[in-house]
Amino acid sequence: MRAQQKLLLDYESAAEALSLTRSALRDLVYKGRGPATIKLGRRTMFAMSDLEAFIEANRIASGGLTPFFRTERSTDAAPKKRRRGRPTKIEQLAREAHFRSREGGEA
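Numbers given in this note's numbering equal positions in the sequence shown, counted from 1, plus 4.
No lab work stands behind these hints: they were computed from the structure. A hint or two may mislead.
Stated by the list, open to error - Label-pair restraints from in silico Cβ distances:
{"id": "1", "residue 1": "P91", "residue 2": "K35", "range": "30 to 36 Å"}
{"id": "2", "residue 1": "L97", "residue 2": "D14", "range": "54 to 60 Å"}
{"id": "3", "residue 1": "E16", "residue 2": "A98", "range": "53 to 59 Å"}
{"id": "4", "residue 1": "L97", "residue 2": "R63", "range": "50 to 56 Å"}
Unchecked claim - With a straight-line cut-off of 27 Å between C-alpha atoms, the simulated BS3-like cross-links for lysine-lysine are:
{"id": "5", "residue 1": "K93", "residue 2": "K35"}
{"id": "6", "residue 1": "K35", "residue 2": "K10"}
{"id": "7", "residue 1": "K10", "residue 2": "K43"}
{"id": "8", "residue 1": "K85", "residue 2": "K35"}
Just so you know, these numbers come straight off a predicted model, no measurement behind them. We put the beta carbon where it would ideally sit given N, CA and C, even for glycine.
Take these sequences, add in the hints, and give me the full structure.
In structure tokens, the structure reads:
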């Protein structure tokens with residue numbers, strides 16, 4: 005008789021199946037980059053088919069990085085996001101100097 009394979013795995017078993025630590029798997033799931041989860045009451049479970057799909061989705065040719073370790077940066081130079089709150093004194097002085105130089109150049 006064949007050994008029965010579990011359909012649903014908890015964090016410990018799923019992490020072991022993926023050769024990850026429990027905390028690494030939790031981190032991937034929290035960030036939305038891990039395998040799909042199933043909530044049963046208060047417990048979070050993983051379907052074996054979802055683990056296999058996660059492995060296939062992250063399979064790459066040798067010599068590259070795995071997709072969940074790649075950074076998603078665009079090559080376009082996006083404008084620098086403004087900081088929240090009041091500008092620092094240095095930022096205020098730089099802005100004033102910028103406007104003074106523009107006024108002096110046009111006159």
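To see whether the hints hold, each was checked on the structure:
{"no.": "1", "hint": "P91 with K35: 30 to 36 Å", "verdict": "32 Å, holds"}
{"no.": "2", "hint": "L97 with D14: 54 to 60 Å", "verdict": "58 Å, holds"}
{"no.": "3", "hint": "E16 with A98: 53 to 59 Å", "verdict": "54 Å, holds"}
{"no.": "4", "hint": "L97 with R63: 50 to 56 Å", "verdict": "54 Å, holds"}
{"no.": "5", "hint": "K93 with K35", "verdict": "37 Å, violated"}
{"no.": "6", "hint": "K35 with K10", "verdict": "26 Å, holds"}
{"no.": "7", "hint": "K10 with K43", "verdict": "16 Å, holds"}
{"no.": "8", "hint": "K85 with K35", "verdict": "23 Å, holds"}
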